[in-house]
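Participant: Sequence:
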Amino acid sequence: MTIASVFKPQAYIEFVQHPNGNTGVGRQLVGYPFHLGRTLRFAGDPVGMSSLYLQSCSGGIFQGDDLGLRFVAQAGTQAHLTSAASTIVHSMNDGREARHRVLIEAEPDALLEYLPDPLVMFPRSNLQNEVVVQLHPGARVLLGEALVLHDPDLSGQVFDSYMSETLVRDAAGRLLVRDRFRIDGDILQGNRPGINGRYQAQASFFALTTSDPAPALVAALRQAIAPITGVYAAASALPNGAGAWMRLLADDAIGLRQAMHAAWVAMRIEFTGLTPTSKRK
13 MTIASVFKPQ AYIEFVQHPN GNTGVGRQLV GYPFHLGRTL RFAGDPVGMS
63 SLYLQSCSGG IFQGDDLGLR FVAQAGTQAH LTSAASTIVH SMNDGREARH
113 RVLIEAEPDA LLEYLPDPLV MFPRSNLQNE VVVQLHPGAR VLLGEALVLH
163 DPDLSGQVFD SYMSETLVRD AAGRLLVRDR FRIDGDILQG NRPGINGRYQ
213 AQASFFALTT SDPAPALVAA LRQAIAPITG VYAAASALPN GAGAWMRLLA
263 DDAIGLRQAM HAAWVAMRIE FTGLTPTSKR K
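13 is the number of the first residue of the sequence shown in this note's numbering; add one for each residue after it.
A portion of the hints provided could be inaccurate.
Claimed, not checked - Using C-beta positions, here's what the derived DEER-type ranges look like:
{"#": "1", "residue 1": "Gln235", "residue 2": "Gly43", "range": "37 to 47 Å"}
{"#": "2", "residue 1": "Leu52", "residue 2": "Pro120", "range": "21 to 31 Å"}
{"#": "3", "residue 1": "Asp163", "residue 2": "Asp106", "range": "32 to 42 Å"}
{"#": "4", "residue 1": "Pro164", "residue 2": "Ala184", "range": "30 to 40 Å"}
{"#": "5", "residue 1": "Arg186", "residue 2": "Arg210", "range": "35 to 45 Å"}
{"#": "6", "residue 1": "Gln22", "residue 2": "Arg53", "range": "18 to 28 Å"}
{"#": "7", "residue 1": "Arg210", "residue 2": "Arg39", "range": "21 to 31 Å"}
{"#": "8", "residue 1": "Gly38", "residue 2": "Leu166", "range": "41 to 51 Å"}
{"#": "9", "residue 1": "Gly43", "residue 2": "Arg210", "range": "17 to 27 Å"}
{"#": "10", "residue 1": "Ala246", "residue 2": "Arg204", "range": "14 to 24 Å"}
{"#": "11", "residue 1": "Asp264", "residue 2": "Arg204", "range": "34 to 44 Å"}
Everything labelled a hint here was simulated from the structure, so no lab data went into it. Keep in mind the model is a prediction, meaning the values are calculated, not measured. Here a beta-carbon is modelled for each residue, glycine too, at the ideal position from N, C-alpha and C.
Full structure from sequences and hints, please.
Facilitator: This is the structure in structure tokens:
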């Protein structure tokens, strides 16, 4: 039994290649709380690439939510998928939590970019975030995950916990990468040396590929983020020849967004030779 056979997402989106070479949305099943915008095309993107915004109609993530997304990029497709804005993770009572799962399958020679805006963690929020990527030969996936703190009532409180797990498997199901961490809000707020220091925002960025040399990707990531102030970041190769990744800490959401944008631009250039234009939000 595969994860796809037991995974029941609220949003399923399949990207297909039309006879003219353009990528479009084929089969889609998108229900509450999600809404998928129409396909857009931007100057600077590869010919035929689709860009889409996946929006939340509920106002964020609430306690007890069990949200699921599944994306399939068929062979040769090129798609950029992002959110319309940051997603609020609302306060939760009595230690209750929410769950958010994403399942991505990138078929041979597909390029799929899933780069949502940062999560905004409210006081007393708890979230489990899980991402599983199945990477076929020649496929490339750009993946971003980020969070920032927000205390709307100036209560001095922070979120309870954030748990993250990212799994990358090849077409046969062999595990290539596992990244797993947990951060508690009081630790992040404590500015502890060796953990986060002065930084209050954090993010991870993955450039997943088994067909591109990792050293070139790592070098491009490091060069892209070097000029950005207010961030502490590092990039390295992923195990099993699965690409490169970057982890970063930032003073605030501004520096975090700048660094993630720079990483995306650098990897788009590495993968396609083209410099993307900024997406309007």
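Participant: The structure should be examined with respect to each hint, and the outcome stated for every one.
Facilitator: Tested hints:
Separated by about 42 Å at the C-beta atoms, Gln235 and Gly43 satisfy the suggested range of 37 to 47 Å. Checking the proposed 21 to 31 Å range against Leu52 and Pro120 shows it holds: the Cβ atoms sit about 25 Å from each other. The supplied range of 32 to 42 Å is broken by Asp163 and Asp106, whose beta-carbon atoms lie about 20 Å from each other. Checking the proposed 30 to 40 Å range against Pro164 and Ala184 shows it is violated: the Cβ atoms sit about 47 Å from each other.
Judged by the Cβ atoms, the range 35 to 45 Å given for Arg186 and Arg210 holds: they are separated by roughly 40 Å. Checking the proposed 18 to 28 Å range against Gln22 and Arg53 shows it holds: the Cβ atoms sit about 26 Å from each other. For the pair Arg210 and Arg39, the supplied restraint of 21 to 31 Å is violated, since their beta-carbon distance comes to about 47 Å. At roughly 47 Å, the beta-carbon separation of Gly38 and Leu166 lies within the given 41 to 51 Å, and the hint holds.
For Gly43 paired with Arg210, a C-beta distance near 42 Å fails the hint of 17 to 27 Å. For Ala246 and Arg204, the Cβ-Cβ distance of about 18 Å falls inside the hinted range of 14 to 24 Å, so the restraint holds. Asp264 and Arg204 have their C-beta atoms about 18 Å apart, which leaves the hinted 34 to 44 Å range violated.
Going down the numbered hints, you'll see the structure goes against 3, 4, 7, 9 and 11, while the others check out.
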